[in-house]
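A.B. asks: For reference, the chains in residue letters:
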Amino acid sequence: MAIIRTEHICKNFGHIEVLKDVSLSVEPGEVVCIIGSSGAGKSTYLRSINHLESITSGKIWIDEKLIDDRVRGTNKVHISAAETTEVLLNVGMVFQRFNLFPHKTALENVMLAPMTVKGVSKEDAEAKARELLTRVGLADRMDAYPSKLSGGQQQRVAIARALAMEPKVMLFDEPTSALDPELVGEVLNVMKQLAEEGMGMIVVTHEMGFARDVADRVVFMDGGRIVEDAPPAEFFTNPKNERLREFLKRSLQEN
Amino acid sequence: MEFLNTIWEWLTTGTMGKIWGWMPSLFKATGVTLSLSFLCVIFGLVIAVFLALGKISKNKILRGVCGAYIFFFRGTPLLMQLFFLYYTLPLLIPAFNIKSRYLVALIAFTLNVAAYLAEIIRAAIQSIDKGQLEASKALGLTYRQAMRIIIIPQAYRRMIPPICNEFVMVLKDTSLVSIISLVDLTCQTKMIASNAASAVVYIPAMIIYLVITAIFTVIFNKIEKKLSMYE
Ligand SMILES: Nc1ncnc2c1ncn2[C@@H]1O[C@H](COP(=O)(O)OP(=O)(O)OP(=O)(O)O)[C@@H](O)[C@H]1O
Ligand SMILES: [Mg+2]
Numbered sequence: 088m089a090i091i092r093t094e095h096i097c098k099n100f101g102h103i104e105v106l107k108d109v110s111l112s113v114e115p116g117e118v119v120c121i122i123g124s125s126g127a128g129k130s131t132y133l134r135s136i137n138h139l140e141s142i143t144s145g146k147i148w149i150d151e152k153l154i155d156d157r158v159r160g161t162n163k164v165h166i167s168a169a170e171t172t173e174v175l176l177n178v179g180m181v182f183q184r185f186n187l188f189p190h191k192t193a194l195e196n197v198m199l200a201p202m203t204v205k206g207v208s209k210e211d212a213e214a215k216a217r218e219l220l221t222r223v224g225l226a227d228r229m230d231a232y233p234s235k236l237s238g239g240q241q242q243r244v245a246i247a248r249a250l251a252m253e254p255k256v257m258l259f260d261e262p263t264s265a266l267d268p269e270l271v272g273e274v275l276n277v278m279k280q281l282a283e284e285g286m287g288m289i290v291v292t293h294e295m296g297f298a299r300d301v302a303d304r305v306v307f308m309d310g311g312r313i314v315e316d317a318p319p320a321e322f323f324t325n326p327k328n329e330r331l332r333e334f335l336k337r338s339l340q341e342n
Numbered sequence: 002m003e004f005l006n007t008i009w010e011w012l013t014t015g016t017m018g019k020i021w022g023w024m025p026s027l028f029k030a031t032g033v034t035l036s037l038s039f040l041c042v043i044f045g046l047v048i049a050v051f052l053a054l055g056k057i058s059k060n061k062i063l064r065g066v067c068g069a070y071i072f073f074f075r076g077t078p079l080l081m082q083l084f085f086l087y088y089t090l091p092l093l094i095p096a097f098n099i100k101s102r103y104l105v106a107l108i109a110f111t112l113n114v115a116a117y118l119a120e121i122i123r124a125a126i127q128s129i130d131k132g133q134l135e136a137s138k139a140l141g142l143t144y145r146q147a148m149r150i151i152i153i154p155q156a157y158r159r160m161i162p163p164i165c166n167e168f169v170m171v172l173k174d175t176s177l178v179s180i181i182s183l184v185d186l187t188c189q190t191k192m193i194a195s196n197a198a199s200a201v202v203y204i205p206a207m208i209i210y211l212v213i214t215a216i217f218t219v220i221f222n223k224i225e226k227k228l229s230m231y232e
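In order, the protein sequences belong to chains A and B.
The first sequence begins at 88 in the working numbering and counts up by one.
The second sequence begins at 2 in the working numbering and counts up by one.
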């Protein structure tokens with residue numbers, strides 16, 4: 088029973104093939120880390136899952152529901168936009184650049200979607216938002232506007248905002264890449280805690296330590312393909328793919 | 002006493018005396034200029050919001066229609082649009098024979114200003130980071146909800162300064178209506194200049210324009226400062 092299942096995903100931008108037959112599944116509570124060099128198609132893959140990009144061909148199931156079965160761009164699944172949106176509420180997303188709403192306070196950022204999309208009452212939304220912001224360690228910064236928060240704090244608000252919709256799985260696209268090094272830890276800790284609580288997630292990251300400690304599986308993407316998919320112990324100690332071995336050697340030298 | 006008398010004399014006779022005499026009619030005409038500017042910007046804004054949203058919508062037909070409208074009104078002289086509405090349209094369609102010159106001017110200016118304001122609004126909306134729409138979508142908001150709650154409130158702050166700027170431009174452009182003999186400040190000035198054979202009247206008229214634009218520039222600068230405080 089996969090929470091996210093993708094099969095044979097292909098994605099073209101014009102004539103450029105960015106994803107070439109990518110298949111990957113995530114079980115409930117499973118943490119999958121994706122690593123790979125720049126331009127490998129990691130972001131495009133994540134964005135395709137929750138329809139920020141539309142795939143050229145392939146199949147996508149969310150929570151066992153088929154929402155995409157595309158051939159040359161046309162979807163063969165008969166599903167309304169509203170229904171797709173509903174299914175995709177199971178998927179939360181956290182962006183590299185946070186994308187908080189700058190004209191709303193931290194608390195309002197977290198309350199907004201449950202009230203607007205699910206029709207939750209203001210009282211309930213606020214209670215939930217306070218609880219979530221406390222969980223990510225921001226109990227004392229709830230009324231601050233994003234511009235008054237550090238990058239690490241902003242990213243934690245963004246995580247709380249996504250969690251407020253009670254997703255079953257979370258997508259993280261390089262959540263710590265835009266942060267000063269000393270702020271990376273606080274965000275990774277929140278993610279680790281989330282993983283321990285049983286949240287399924289796909290994390291695109293360059294943080295090898297996080298992948299090694301938290302991931303159930305690590306995936307290496309190269310040139311729009313998944314070329315290695317293994318548990319971290321095997322992935323890091325006994326990589327099969329030649330390109331991955333180079334990649335790991337390089338990232339070891341950098342750190 | 003002698004000194005005050007001299008000043009009084011200077012103020013009430015000769016050129017200055019004439020200028021005072023013109024003031025009531027100039028002020029009355031200023032009212033026309035001001036109301037025309039205000040109304041066409043307000044009505045223009047309403048149309049402009051729809052034009053702007055149409056021009057960035059995914060619907061090709063809507064995008065085409067709104068784009069063509071904006072292209073036409075920005076691509077032809079305002080003066081010709083005014084003439085067209087006043088002279089040509091009644092010939093083509095008798096029902097469009099509008100008696101009131103004020104109304105003709107208001108319609109022509111509203112339609113024209115709407116095109117310019119639409120571009121201001123569109124640019125402001127498109128200047129908002131794409132990530133905002135993506136985050137909204139990822140949270141399950143519809144396009145409409147994202148526009149209404151997330152994008153437009155942010156764009157709004159960015160469009161106020163150029164809209165204020167546009168208002169000052171329009172205020173001066175309304176002088177074109179004198180060409181269809183609507184008695185605005187410019188028209189009134191021209192009439193006085195020919196009747197009294199006294200071109201001095203252009204001086205107080207231009208001072209009135211300057212004072213008005215100065216007042217609005219100060220007000221708009223204040224608004225701008227206030228808006229930027231929340232950035
Ligand atoms: N909207 C787009 N239009 C055209 N090409 C695009 C678009 N988005 C991404 N690409 C191209 O697709 C390829 C994969 O991009 P993607 O952002 O998925 O890579 P990535 O693995 O996330 O890289 P990074 O580590 O730099 O984030 C790149 O070559 C990129 O130039
Ligand atoms: Mg990326």
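A hint or two may mislead.
[Stated by the list, open to error] Just the calculated beta-carbon pair ranges, DEER-fashion:
1. A:Lys205 - B:Gly132: 18 to 26 angstroms
2. B:Gly132 - A:Gly206: 42 to 50 angstroms
3. B:Lys226 - A:Ala231: 52 to 60 angstroms
4. B:Arg64 - A:Gly206: 40 to 48 angstroms
5. A:Arg312 - B:Lys226: 48 to 56 angstroms
6. B:Arg149 - A:Ser338: 26 to 34 angstroms
7. A:Ser264 - B:Ile57: 26 to 34 angstroms
If you're looking for bench data, these hints aren't it; they were derived computationally from the structure.
This one's a predicted model, so the numbers in the text were calculated from it and none came from an experiment.
Virtual Cβ for every residue (Gly too), placed ideally from N, Cα, C.
A.B. asks: Look at each hint and say if it fits the structure.
C.D. replies: Evaluated hints:
Between lysine 205 of chain A and glycine 132 of chain B the beta carbons are some 23 angstroms apart, a value that agrees with the proposed interval 18 to 26 angstroms. Between glycine 132 of chain B and glycine 206 of chain A the beta carbon distance is about 26 angstroms. The supplied range of 42 to 50 angstroms is therefore violated. Between lysine 226 of chain B and alanine 231 of chain A the beta carbon distance is about 23 angstroms. The supplied range of 52 to 60 angstroms is therefore violated. For arginine 64 of chain B and glycine 206 of chain A, the Cβ-Cβ distance of about 32 angstroms falls outside the hinted range of 40 to 48 angstroms, so the restraint is violated.
Hint check: arginine 312 of chain A to lysine 226 of chain B, Cβ distance near 54 angstroms, so the stated range 48 to 56 angstroms holds. For the hinted restraint 26 to 34 angstroms between arginine 149 of chain B and serine 338 of chain A, the CB-CB distance of approximately 44 angstroms leaves it violated. The given range of 26 to 34 angstroms is respected by serine 264 of chain A and isoleucine 57 of chain B, whose C-beta atoms sit roughly 30 angstroms from each other.
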